[in-house]
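Chains as they are written, first to last, in the UniProt record's numbering: chain B, 1 to 869; chain L, 1 to 352.
Calculated from the structure, these hints are not laboratory results.
None of the hints are false.
Taking lysine-lysine and the DSSO-like style, the derived pairs with C-alpha atoms no more than 30 angstroms apart in a straight line are:
| no. | chain 1 | residue 1 | chain 2 | residue 2 |
| --- | --- | --- | --- | --- |
| 1 | B | Lys21 | L | Lys251 |
| 2 | B | Lys558 | L | Lys251 |
| 3 | B | Lys621 | B | Lys306 |
| 4 | B | Lys63 | B | Lys598 |
| 5 | B | Lys16 | L | Lys251 |
| 6 | L | Lys251 | B | Lys452 |
| 7 | B | Lys620 | B | Lys306 |
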Amino acid sequence: MAECHPVGFQWVMEAKARGAKVIHVDPRFTRTSALADVHVPLRAGSDIAFLGAIVNHVLSEEKYFRDYLLAYTNAPVILREDFRDTEDLDGVFSGLNAEHRTYDASTWQYEGMQAQAASGHREQSYPDTGGEHEASSDESVDELSGEARGESHGSGGADLGRGKPRRDETLSDPRCVFQVLKRHFARYTPELVEEVCGVPRDTFLEVCELITENSGRDRTTALAYAVGWTQHTVGVQYIRTAAILQTLLGNIGRPGGGILALRGHASIQGSTDIPTLFNLLPGYIPMPHAHTGTDLDTFVDAEAGKRGYWGNMRDYLVSLLKAYWGEAATEENDFCFDYLPRLTGSHDTYTTVQNQMDGVCKGYFLMGENPSVGSANGRMQRLGMANLDWLVVRDLSLIESATWWKDGPEIESGELRTEDIRTEVFFLPAASHTEKDGSFTNTQRMLQWRHKAVEPSGDARSDLWFMYHLGRIIRKKLAGSTDERDRPVLDLTWDYPVHGDSAEPEAEAVLAEINGFDAEGGPLSSYTQLKGDGSTACGCWIYCGVYADGVNQAARRKPGEQQNWVAPEWGWAWPANRRILYNRASADPGGRPWSERKALVWWDEEKGQWTGHDVPDFPKKRRPDHVPAESAEGPDALSGTDAFVMQADGKAWLYVPTGLLDGPLPAHYEPQETPFTNPLYRQQRNPVRVLGKPHPVNRYQPSGAEPGSEVFPYVATTYRLTEHHTAGGMSRWQPYLSELQPEFFCEVSPELAAERGLEHMGWATVVSARAAIEARVMVTDRMSPITVQGRTLHQVGLPYHWGSNGYSRGDSANELLHVSLDPNVHIQETKALACDIRPGRRPRGPELLDLVREYRVRSGITEHTGRDM
Amino acid sequence: MTDTAAQTGDTGPSTTGGLLHGAQPDVAGAAGHRDHPQRVGFFTDTSICIGCKACEVACKEWNAVPEDGLELTGMSYDNSQGLSASTWRHVAFIEQRKPLGSQEPGVAHGPVGGAGGTEGMGDFDVFAAAGRLGATVPDPGAPAGAEPGAPAGEISPLAPDGRAELRWLMASDVCKHCTHAACLDVCPTGSLFRTEFGTVVVQEDICNGCGYCVPACPYGVIDQREGDGRAWKCTLCYDRLGAGMEPACAKACPTDSIQFGPLDELRERAAARVAQLHAAGVPDARLYGEDPDDGVGGDGAFFLLLDEPETYGLPPDPVVTTRDLPSMWRHAAVAAAAMAAGVAACFAGRRR
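Looking at chain B on its own, in the form it has when it is part of the complex (with noise of 0.2 angstroms):
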């Protein structure tokens, strides 16, 4: 944290400063681990082996939170008699399609939910048009699991259906969530972590002991992770476990707790909150397919909760269907809900490159990303590229990923010919972050409006001005257009007032217009105060309140010593302000606070209604002891107790009966590609990532016991220096950051360097079935080998900021990494892959690719290689 998000560290820092202990858990020692309590390198790629342990130890010890997970999680509920753990699978749940690789979840089911109905239409996806999953008929869509789905869960958890699940208040039914959990984890020990991660045990079980004392009624303790812990091909597992860890020690919903995503650059947050992403509509509302949906109201039948805030989705959408076509949307015509684009498969990055490799994706517009060196496997991201009839980079610098078709690797091994590549790259210079005025939201989902410093010099322009005066022109490119299909551009609200000499919009219309305007206009201040009738529009329905009184709520800088430790009125939050989600789960279930010095919100009797020094997150006057109507339906049906009002039955979920794809409770899975064999279950790898098309320039390297493994015997991972920024496009350039990291380094334990021959400041080639790549070495004590499986094990480290464009120069070390996904969400492993080094520089030319091919030769690496379930 302190090596990533310096600025955030200061807060880590405070805390020390008052007492705090800190953990820091990474392969590395780096300036974090300089800084902590203690430092605990373990294995890359073996975190849910580590906290997996860490729960059974919660468990067995019985340090869990008793009263907290009796009244707000799932704990109780009793799970159908026909799941099947992993304990009974030897490494995989119930429900495995192995021709398809995929689950049906359906066994996962709470008993006494009708799941099917419900929760079958939400699940409802695409086929797949890039993986494993060869298929396409209509009947599949039914029966695919909804690959990637798992970004419409950032707000709350998937829907449940409807139905009462039963549930066992001593928690001691073997069928219950609890009884399951403990069973599920028991052979995580700490002789386990010793082996898998190669953690000793005195260190795992000083950690378990920091944590679990500083857990309960009194104390809380907060987890923290930058987004290398979800690049992994069970990435979203990592996050269950600790979420599962947080909820059992009463660490969610309370100051100072909670998990804390680091986000990998600014505003990472806002860019799902509205998205980026290809399955998103603003504020986590899912994209509709192009084969269900295909009316509003089934739809929204299918795909919003039965019980909780997510009940009122109808609201929330029809709002922003106002907000994107104005007058054009009426009730009569759905309001305009055909407009919407279609999914007909998976559109991930990953995917869309698979797509212009094979000549279906033929545009491509890369605006602040630099694929070339950020992404997994450059090479094949380049290939993709140069397999287009354009290409458009906005960027600050010329990036690596619009110069790729003259100086990119490809033309020099050899590949590719500039002569040959037919793609028409246009570079437009983009203005910076102090150029424009905008705001940023935090991990902590809170707004900070940014103005402008300074004019973009130049030609330079702000994404707005592009993406504004874009549509304009193909508007008017447009106009006067009897054809259907371009009445959804032509009836788009598209009017923002604009300033200046360069016609640049006005940020804060944007602003308004997300936040939302009733039918006279004025601006709205809570999203309870959105309406399915089409008299209310919203650009984003959890952004609705950042506009309140017609105010830039986000622009607020009031010191945080002239208000209360909240600090509300500094920037905005969403949902409506409010700084801890979930927090009335601060309170026991009566409405008092676990404990004075942890109060946060809590039941005001007098008053009649919930009140405290954060915006409670709870309906105002529901009292503690309420019981809704059987019939009771959205907000109406949540308890006084469920606490967690985004999930569809307001509990925290520590087994997630639907919305995943690869199980209800995460399992230690080994990497991709990894020199062991995993140690837990006869189940080697995640058995539903996804791996794409088998493809000449992917090729998966042997696994532990495979012959050839031992060809690429250290493990590797990738990582970022506080001196640049991700894949460098804005910190190459900078004389003052690259001097102070001039090159491409690789950091080695001084037992490696001995081992392999290499010399500190001297040159190392690191090789992968992939790419061979040369960096310096820095011989280091931070590195440290570890033990794992009775062995010695050296890890690699590699900053990943690097190309071949800029003022600091080195090959980019994501040219190693193959691509492989998590399920869930798509994300590439990144932070953990099998490598070699050896002395010396790498081979220019032609001879390049030949050292890559002798070691796959070496290693006897096939197409199937690596493609086991």
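Got chain B sorted already, so can you dock chain L onto it with the hints?
Here is chain L on its own, set in the frame of chain B:
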């Protein structure tokens, strides 16, 4: 204005304090400033430095200091190497086999080529090991003065569980703005001057590039810029101070490792911090440059360190290089008088 040498008219050298050495409670006043603001400075608490180098970048951005060369040094994460004419804030990174307070570093190093055993680990030196393998290792500590690998004398025994200790020290260095600044004393043009804030600033439009100040600095801070010839160093953001703003580095420091304020207040804060660290089991914590009785009369920019100053590349006992100037002059005067007397005697002798 309080009692000062200037006021009393005693501008001559003194052995008990004053312009050239010893305690000087009113440094700006001594330089002739009247109704001046409080003396300000930096307290850099290296125990909370996270090595982000924001200070280096903020300093360069604000003061338009040019880039200082791209060189991967291998000195841990320190690629700016030391203070220079074009680096006015410098973050040193020191990797040591030594525990940090109560920290559990978790690393485990065995002997080179071994299978993770612990024997001989205490004698293992990463740079030496890497050096044995081939080409020479770049001198890892040259400008910072400290070897990133643990100096032999500081290798601590293994932790009870057989793991080696490791700590990674980070410290942001800067011009010390000495109470008795030799650079200023020797400057023939008056380019270097004492500001009303008690800081020492070079005026770029007056400096003639003579370079006298460079060897005069007991810390090796001030330097001439190549291709320019003039001397450059930290101004403690004189322009910002004048506008009521704190210096850029302190403003940018995310953890408040760099604290700016009135020197008296900073000294109190620093003393409390050291006491706190000692109580927390960090006996290595010490202040550097805060003592008005030290060889430079105390620094305007002082530090909390976690090891000997040498480890960070700081001189252990800096002395203002002009301290002995008065006595040198006196000796010179005596010598001159003696010589004159001798010459006179010669002539007198001849006359005889």
